[in-house]
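Given chain A's structure and the hints, the job is docking chains B, C and D onto it.
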Amino acid sequence: MSHDHDHDHETPSGPALRAEALEALLLEKGLLDPAEVDAVIANYGERVGPLNGARVVARAWTDEAYRQRLLADGTAAAAELGIVGGPGGQMERLVVVENGPTVHNVVVCTLCSCYPWALLGLPPRWYKDPAYRSRVVREPRAVLREFGLEVPAEKALKVWDSSAEVRYLVLPERPEGTQGFSEEQLVALVPREAMIGVALVSEPPEAAA
Amino acid sequence: MSHDHDHDHETPSGPALRAEALEALLLEKGLLDPAEVDAVIANYGERVGPLNGARVVARAWTDEAYRQRLLADGTAAAAELGIVGGPGGQMERLVVVENGPTVHNVVVCTLCSCYPWALLGLPPRWYKDPAYRSRVVREPRAVLREFGLEVPAEKALKVWDSSAEVRYLVLPERPEGTQGFSEEQLVALVPREAMIGVALVSEPPEAAA
Amino acid sequence: MQGIHDLGGREGFGVLQVEKDEPAFHHRWEAAVFAMMFAAGRAGATGNSDRFRHAIERIDPAAYLEDSYYGRWLGGLETLFVEAGVLTREAIDERAQRLGAPLTARVASRPQAPPDPIVGYDASGCLRDLSTPPRFALGDAVQTTLASSPGHTRLPAYARGRPGRITAQHGGWVFPDTHAHGAGEQPAHLYTVAFEGRDLWGPGSEPGVVVHLDLFEPYLLPRKESP
Amino acid sequence: MQGIHDLGGREGFGVLQVEKDEPAFHHRWEAAVFAMMFAAGRAGATGNSDRFRHAIERIDPAAYLEDSYYGRWLGGLETLFVEAGVLTREAIDERAQRLGAPLTARVASRPQAPPDPIVGYDASGCLRDLSTPPRFALGDAVQTTLASSPGHTRLPAYARGRPGRITAQHGGWVFPDTHAHGAGEQPAHLYTVAFEGRDLWGPGSEPGVVVHLDLFEPYLLPRKESP
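First to last, the protein sequences are chains A, B, C and D. Position 106 of the first sequence, counting from 1, maps to 106 under the numbering used here, and the rest follow consecutively. Position 86 of the second sequence, counting from 1, maps to 1086 under the numbering used here, and the rest follow consecutively. Position 130 of the third sequence, counting from 1, maps to 2130 under the numbering used here, and the rest follow consecutively. Position 179 of the fourth sequence, counting from 1, maps to 3179 under the numbering used here, and the rest follow consecutively.
Bound conformation, chain A alone (with noise of 0.2 Å):
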């Protein structure tokens, strides 16, 4: 499918040169303002990130009651933090699934590319590929051995397909050697693959050293 990944070509290809014809004719039909473009780019490549999914899951780290909270009702835990999902945010409804010694979780959406964007900004090209979306159902171990990720046979492995309006967040296990970081540092650590389950938060540098 090496179509799928054309910004390694130079020359426009037809999906470019149709968005460019359908821009210029909302245009000049004044439903489309490029400035809009502009702040699109600006709001999803700068402010919309992993960065509110980390905080949830550094938060649930720090504070056992709000860990608690949030497997309870993930939706109303992320509201506490100023989260708010809502149909615009991909998140009317969000559950928390938590990793630990018997289970590891991962998340897809096999009919189209359901994620959680209000804690995770825009979902990253594999998450939205075939090959992700046809594999992870049926041979997840083999898909997150990919990553990088080996998951030991007798540690459970669930999978969860987003195919309702609900959204899933991966809450990962806090690493070794971070002890007495604070919540701030801990959020740094936690890398958004960690958050849709097909990778670990790693141990920090330092204290790996």
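Treat the hints loosely; a few may be bogus.
[Unchecked claim] In the DSS-like style, the derived pairs of lysine-lysine whose C-alpha atoms are separated by at most 30 Å in a straight line are:
id, chain 1, residue 1, chain 2, residue 2
1, B, LYS1128, B, LYS1155
2, D, LYS3224, B, LYS1155
3, D, LYS3224, B, LYS1128
Simulated from the structure, these hints should not be mistaken for laboratory data.
Showing chains B, C and D alone in chain A's frame:
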């Protein structure tokens, strides 16, 4: 799937150019002779066609003992008329399925495009296209309706998906108005589509008038 | 509709390609497509997200695989703008060709049915109070239906006709199968259903895998458990 | 492998396009591809028809949908010539580009696994005498397996895990699932199995439809009938 019908376009398609490249390389290696391509065009364009199938059908209509042998062992009955399929003719075993007042049969290959070459020649494009292959096992009555063939709901509809090396031929019903027709006259009446099961054999125009 | 979008469990769709430090958009046109979503909303062309998802599902299958995520959005948006009477397909084609697109460029969207009436969002989202009690309780054994809607549906092909178990109740939600087609919200109870990997992919599949789907009550039948 | 080729029951693949008085070939290159089959056989590259079918199944999915029948053959043949060491992918790419194919032209075939050993035809075909008796008798109730081979297989996705009934026994035949991969003929009993349409597509599907498949014994399990 407009690209499936690139013969409408003037410029050479991607496959056309790759085929040209492959042909040139094989020619240089002495593995392919252009005369062989001409022979293929002559052979399949002119000699091999649905005539063999029509001969089998006409014989079954005019010779009751042959009809019974044909339904009991299609391979042997075809061989009686000198039609020997074998693996090269895509017909190592032939099964003939008979249409009648209570049953209609239709043939497909959903996984590729298996077809009894030795009886019917090369398959038409629609037989190989995704639309027919995907739909006819799920909604055969709707598909046949698009071919102009309404199969009454009370008639059983048997679909034969050629998933192994057995090949299927539909023995259509002999049309009204053909009493006293010679075997040769009958052969001329049987279209390829009737032997796949997407058409009936029409009454001859003079008889209908 | 078990369309090209319904990818779960299909094979041969390549290997993962993970990009390091991926930007939110790779090209300006991708952000433009994103912004067009808002324009479609303002023009009254979107309807609702179920309708939008179905517009994407109706893209030419080869285009669906080739056009990347925002290419698929673009295909869906074309259909929405055309069906709402905001733009004509001819005008889009003509302009794209003037910009350099080849004459043979695929029309990204290929509506196969007469357009449905456009029914908009309720801004408050898709959760609905339901007076009818849920048919299934936590822990109930269920079987998914074999049938699937010819239009938009959220029961993936790989989970049709399979045995599962209710692990969560989510209350009433707008039913996508009708909502996408202008046939009303018809709210239904939503459940999370857990399927053992071996019940989806056979006994030789990866061990210890459980796949969870959020499924609407009309997709579910009661199942008697074998003793 | 439930690849893009496994089309039975999928939706959204367009409407029938029937051409009147269609020629056997629409272009000379299609006949050239047909002739290349013989060339591949002479070069010892084909192996057998199971191997050739699987080479087609490994084509890039978008190319599979776009390239028409002989385009798909071409993609399969490229793989066969390359894996047999007759030609290199680079040489084909280079020549195609010299002839005018764009640099970005899709490589038609995309092998995803190391090539299997090439095992050729037995010219006498695929029928084999089997000393083991068939496991199933005419009229037996069977259930197809849920699992499907990750490589070549002839159990379509739409008939996985479904109940059917044996309507014909065809004796022993070369087993495509192993034969395609150089793992031997491993002949198996072949049966015709009839499936009621409602057992494949649900109770709302077209009435009175029975779908027949020719299935190898390893695809089948005995089924106890509900009383």
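How the hints compare with the structure:
1. Between the alpha carbons of B/LYS1128 and B/LYS1155 the distance comes to roughly 26 Å, so the proposed pair stays at or under 30 Å and holds.
2. Of the supplied pair hints, the one linking D/LYS3224 and B/LYS1155 holds, its CA atoms being roughly 29 Å apart against a limit of 30 Å.
3. Between D/LYS3224 and B/LYS1128 the CA atoms are separated by roughly 37 Å; this puts the pair beyond 30 Å, and the hint is violated.
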